[in-house]
Amino acid sequence: MALQSLDIWRRSATTTPSPQQREPIEVAKLIDVTKCIGCKACQSACQEWNDVREEIGVNVGTYQNPHDLTANSWTLMRFAEIEENGNLEWLIRKDGCMHCADPGCLKACPSPGAIIQYKNGIVDFAEENCIGCGYCIKGCPFNIPRLSEKDNKVYKCTLCSDRVSVGLEPACIKACPTQALVFGSKDDMKDHAAERIAELKERGFENAGLYDPQGVGGTHVMYVLHHADKPELYNGLAKDPQINPMVSIWKGITKPLALMAMAGAILGGFFHYIGIGPNEVEEDEEEEKA
Amino acid sequence: MTNTWMDIKNANVILVMGGNAAEAHPVGFKWVVEAKAHNKAKLIVVDPRFTRTASVADYYAPIRSGTDIAFLNGVIRYILEKGQVQHEYVKAYTNASFIVREDFKFEDGLFSGYNEKEHKYDKTSWAYELDDKGMAKVDETLQNPRCVINLLKHHVERYTPEMVSSITGTPQKQFLEICEMLAATSAPDRTLTSLYALGWTQHSIGAQNIRALAMLQLLLGNIGMPGGGVNALRGHSNIQGLSDLGLMSDLLPGYMTMPKDEDLDRATYLDKRTPKLLRPGQMNYFANYPKFFVSLMKAWYGPAATKDNDFAYDWMPKLDKVYDGLRVFDLMHEGKINGYFCQGFNPLASFPNKNKLSESLSKLKYLVVMDPLATETSEFWKNHGESNDVDASKIQTEVFRLPTTLFAEEEGSLVNSSRWLQWHWKGADAPGECRTDVAIMSDLFLKLREMYKKEGGAFPDPILNLHWPYHDAEEATPEELAKEYNGKALADIMDPNDKTKVLIKAGQQLSSFAQLADDGTTSCGTWIFCGSWTEAGNQMARRDTADPSGLGIAPNWAWAWPANRRILYNRASCDPSGKPWDAKRKLIGWDGTKWGGYDVPDFKADIPPGDAMNPFIMTNEGVGRLFALDKMAEGPFPEHYEPFENPLGTNPLHPKVVSNPAARVFDKDREHFGTNAEFPYVGTTYRLTEHFHFWTKHSKINASLQPEQFVEVGEALAQEKGIANGDRVIVRSKRGYIKAVAVVTKRIKALDVAGKRVHQIGVPIHWGFTGAARQGFLANTLTPFVGDANTQTPEFKSFLVNIEKDTDGKVPAVPEATASATMKTADAGDVDLGRRGWLFGRKRKEEV
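In the order they appear, the protein sequences are chains A and B.
First residue of the first sequence: 1, per the UniProt record's numbering; consecutive thereafter.
First residue of the second sequence: 1, per the UniProt record's numbering; consecutive thereafter.
No false leads were mixed into what you were given.
Dumping the calculated DSSO-like pairs for lysine-lysine here, alpha-carbon to alpha-carbon at most 30 Å:
1. A:K35 with B:K584
2. B:K42 with A:K174
3. B:K426 with A:K174
4. B:K382 with B:K805
Calculated directly from the structure, the hints in this document are not laboratory data.
Pulled out of the complex, with its shape left as it was, chain A reads as follows (with noise of 0.2 Å):
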């Protein structure tokens, strides 16, 4: 890959137009499920490159480990045993943020640029600017963000955006040992999606395909699933996500109320600050906290 500029296309609860001047291209990662030996090594590398540390959890029976996303694994493999007619199968399927062309998280969020969306296709949370209100899980419809309950912010994949930029891949694709998972422009990656079904038709998935859900505007992480016709098999994938309608409500209607709510609470706040002054905060108050 080239250098990325990373050029907003937009930002949460912000009306300021995005610049136009360059047209960067694209970005996808194929996730290749049928390349897929579920090694973790994407998890690993994730951890490593954003410097979160998971917990030492427990085994609840699988080898799905942390057995959810968390604030500290953005990604996360899951494992389902499936037997339909005597066949047996094991699909393991890297989960994470599908960086939606249409994002629900974004038009969800109440904060200004909180989220973001570049003009590569990336969606990424700025978590300086999030409020922890927790509407970008709602508006998901993969249900991939997750409250921190130490900062209660909110994280997720950043699809490596501070990688992307300076020409290199996502850590997980650098870390991948099967070329399961690849990264390039988005047109790249569905030529390379195109010869890998093809290939998998000869061996018998009849099924195989490309997932790149429609009901979201496409996604800038998508799969080579061997069974195309049932994406839930893959540890409940959605069939067809769709942006929660309850968001669109939110968007039209509610948003701009509740922003005007915020605006006065800031105001309030402003006013208070100049009739009161400022809080104090009691003295045994800070020992608590200590």
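Fit chain B to the given chain A structure using the hints.
Structure of chain B alone, referenced to chain A:
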């Protein structure tokens, strides 16, 4: 590996049996994925469990642990019966036509020559008929009933599909479908590659599992071929280097063997080990053994090794028996060993029967552990609750823990499974006062030498005369050692074609083991490494990825032993007339005057096609052996013997000889073997991708990916025992118990074996009582103290257990690494060994 990792991409069919390549070798597995994606290869997995490898396979079949020979002998029977062998190859390149002695027999599960008292064979009858010149007799018409191929046919006759299915539990239909896929690779332009690992070695018949596959590959004409071969996937980084350097109690570097008590002088020793030619016109490269050996002695003893003192032969230790790991711990258990140096090894977790090991270590006067991590072995004496329930006050062993550098904190070469010596550079400095193993061993040596000098002693010569030419006596550099392994000329070496020309001057590095001499004019620390560091520099540091043949040879990437040859026996990739069996796989060829090509020919360069010389130049007869002569401990043909603990209590083929009659087993351990009445289920231990043995549980990220000990139980057995997914269970064997979480799975099915329903339970090994993951039980608490007859590798893959629900089980804690693993040292601060895994992962960032 006979071939290489990259070469897997050339295969048409890939058999993963006795291993789980995707799980245990995820990086190398990329070449399997590549073969599937771009060579239309079919991947077949045969394993007791539906593994991660099976999840991407084209075909999976279950098998009962420990019955691979029955399966493979069945395949051999199938291809012989159908005539689906590579006929021309078998006739020219194997010992199929060789005539075996009349007194060789196989009856009721025993080969001729068995000595019941000593549990071993007199192998005299396991030999060819010889003519009056001492050459083996052959019948090229293959009519003689004593021809190897006819004896083999007779031997495998019993392994009918019905019998195979009855022993292995593999459904007959699936067995036959696999036979068909494997047999199709007998076509000269199709190859089968086999990837195996500890799933074959860790059995009391481990070496014979591999023999059976090697024979199959010879019959299919797949040895020496790109995309073929018998490929051992080595589990530890540099375990291949360990074997190459002879770090086994009975080996010397380069697969030479240690002298025994009866080898009183060098001549006797060499005579026994220098093979005699068995067919006219063959190369028999091991006939050069004396050159390799004398050059080794010159490397070890330098000027002190002279013709007059038999090149220091008397200073070599002489073995009275093989001191393999099982033997050493057995002797320790008997109180016959005082001290134990444990270097880069965690035996408390890595040999069988943890309780016996713990008792053994408790009888030592001292134990020295050199390791980067706080291993379980170094804390065997300390009570860690139920998972290591010992009374420290009753253990008098003094334990010294010497922190060492990790591979990434030092430079040097590692030998991978492909036999490539790859130089690597230091990635970070070691924390605390860690030292390299070389520095520690050097200090010990220098101290001992000083003591011998001062105080004399019973036999000081071997220590006092050891050649120690290093610039810094306290720590030889990796470069110095690598050059020593390669070897150098001690006198000018003349060009054999022009005796007036000096080929290599005295003092210069050698470039080939062909230059080695048995008169003391060359020194070489490991003959197979000769060529790795020549006058042209460090060949192991080469990083040219160019692959002119497109066959994955890349001859200028690092350096492969022997002689930078990438595919062993590659002369056999061409027919006797020199034409490649498959034009698309042309590795080498004859140019009218010599052999050459993309790979280094495994043959005498100037012998033209059509000559009597055959491709297997390391054997005395020049051909691949379907009949192993006296090379194996339990017979020249593989035979199905049951694991020492097996669910049948008998062997369906020969009830009188149930298990390997020559296996490594000590009588007093037999009483610790369980029966199927008490322990009805088959247990098998294995590794997971998330962890590397007992190391990575010290690293927080790895620990988070697989935090807690579990066992895998099939749905049918779980239902029978009332165990739900995620329940806590106790798994017991005759030797002890472990507690873990039950992962109830569809991936382990009950098998129908000889009219019985057999359940298997999977026991991953990675947890213990030190590290960053949740505290667990060492899995080898369960395993029996018995080993392979040839390699003494323990039978970790097949034993008997029982399982029950642990109704009051609790979530185990994460050990407090800092509290348990801090080592006080005399003159420095605390070295936090327990956190080293973590430190290593974090270090770079902290330094920035």
